[in-house]
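Single-letter residue listing:
There are 2 protein chains.
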Amino acid sequence: MARSVGGQTWQFDRVFLAGEAAAVGPKEGEGPLRDDFDGIFPTPYAGQPNWEKAEQTFLQYAFDKALEKSGKRKEDVGLFVAGDLMNQITTSTFVARSLATPYLGVFSACATIGEALAVAALAVDSEAETLVAAGTASHNATAERQYRYPTEYGAQKTDTAPCTVSGGGVALLARDSAGGPGRVRLTFATLGKVIDLGAKDPMDMAAAMGPAAADTLAAHFSDLNRQPSDYDLIVTGDLGFHGMPVLREWFSRYGYDLGDRYADCGALIYSPTQPEVFNGGSGSACCAVVTFGHLVRRLRRGELRRVLVAATGALHSTVSAQQGETIPTICHAVVLERED
Amino acid sequence: MARSVGGQTWQFDRVFLAGEAAAVGPKEGEGPLRDDFDGIFPTPYAGQPNWEKAEQTFLQYAFDKALEKSGKRKEDVGLFVAGDLMNQITTSTFVARSLATPYLGVFSACATIGEALAVAALAVDSEAETLVAAGTASHNATAERQYRYPTEYGAQKTDTAPCTVSGGGVALLARDSAGGPGRVRLTFATLGKVIDLGAKDPMDMAAAMGPAAADTLAAHFSDLNRQPSDYDLIVTGDLGFHGMPVLREWFSRYGYDLGDRYADCGALIYSPTQPEVFNGGSGSACCAVVTFGHLVRRLRRGELRRVLVAATGALHSTVSAQQGETIPTICHAVVLERED
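Protein chains in written order, with the working numbering: chain A, 3 to 342; chain B, 3 to 342.
For chains that are exact copies, the list does not tell them apart, and a pair is met inside one copy or across any two.
In the DSBU-like style, the derived pairs of lysine-lysine whose C-alpha atoms are separated by at most 35 Å in a straight line are:
1. LYS159 / LYS202
2. LYS202 / LYS76
3. LYS55 / LYS202
4. LYS71 / LYS55
5. LYS74 / LYS55
6. LYS159 / LYS55
Since the hints were made in silico from the structure, they are not lab data.
Here the structure is a predicted model, which is why all the values come from computation and not from measurement.
Kindly produce the complete structure, drawing on both the sequences and the hints.
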């Protein structure tokens, strides 16, 4: 049964990843993690008439594939917890419509998968549910249109600008998982506070989000009385190439050294030599597809035993930015562990 | 500890309303429930330079007042679960920023308070948290600008158009509440599926949401093997004057007669004789302020003993509507009971 540990962390007794999957677009399919994705769509349209439907297709594909890998039936899924970057999280809603299962919409921007996993794990561990799907998606073109400029404008970007990942990721959480080595458990979730140190530049969100990541990681280590060295890998959501040193710097102020156990989903998903990736990947799909595609595969293969995934999100809107507000950010972290 | 009852319902053992409050704007303060609100702001700006900040002020006021009524301190609140209609739920986020407490953003449009209460109750009942705040807000002017036309255009409305409530509502949920008669418990939550029967008119959302309300109510009665007569009052979120007969009709198809125990928050909050209320109240604040202001007061006074609150929401966005999509809807229901 879920219980509170310290000020911000939930501990779970029996929550297993029963199946997980990641679907991505062509740019992600040309990146370093190409062999770890369950589906790579050859075009950004994914066979759909518009980008919004393409984004839904990524999420639907990830759900179907995760379900297939779990060996469960769609009717066994008692709850779908999902969210995304689209206004009114319509990507998740339209996929939920097709699933005909109870649905909780969540939103933490690019940290959404952290929140979705925490809520899903709570439902499973408290025995309110037996099988829950947690998912998210994003699409480069839908995010560009909604948050920035239509891509057709050809607006120039800074090196610190994020490149929204096109993709979708879903994990099925269950109290029991098929036996044998390679089982992966979700053991802790540390819920983040809204952190806002006054950053205003939407083209440099790593600067805004770094402090939120540091705050949640510090709370996690304090709540559990752990050190970074207790993890094989600590992975932030999407601070990217420029954000990683920012976090290292911030985190050293808390007295922690992340050392060589630190990675970032936004820096993992693209190679810096790929065209137009700028600061690296972002978007709510970024952390989800890297976690469910890449990190969980490494856990199942035994290359990693305990990973801390800290999803980061910038919670502003176009209206709040235009009204001169600073960028509030958040980070929700979960621990994934391999059971032998 | 939370447990599953039937296909869509969670049962809670010990979840009490430790304090709850509702703040509203001037139009709601002139309506039939005026004596039940904790705060009535005399202007839609609520002393702020823009409507978005006014919406945040409603939510902040409701939080502060609920906390005051609970006798707890801000530091005792372990989690804030909230959402709203603004793109990227910025109202909730900016209030969460001021609270400096872990935050889960949720979104079910005008059904958001149902989802927030369900998630908050799960966290409390599973003993992951001891005190959780659940809240939401909306503002007529922010919603009009975002979803419809700027009010300055003076666009004509149909009689079936909703009038977004300006206000905010917050409830604090705890495993224990101060003793004595008049304690109110949250005993069940029935989570809704996304229902979409093809309605497309955003000026008649009651027609879209009625079937979702009927679906969740039917699941609730089936899961608990109850009848409408087991409740003193069954209250839908915001189907409004035109939507109430739609729900009665739909619900009769499931074999249930709602009789004279049926009310609707959107129809309760305004008098049909008030100017420009059209179909009645809507917006995520509507169900929250009527529930926390009016219904819980009636429970505490002993006028009601068991109430089923079924928050309804239309989950479309302006983009999904413009792309020709139909309106997906949802209804999340909770049971509030007075303990003697």
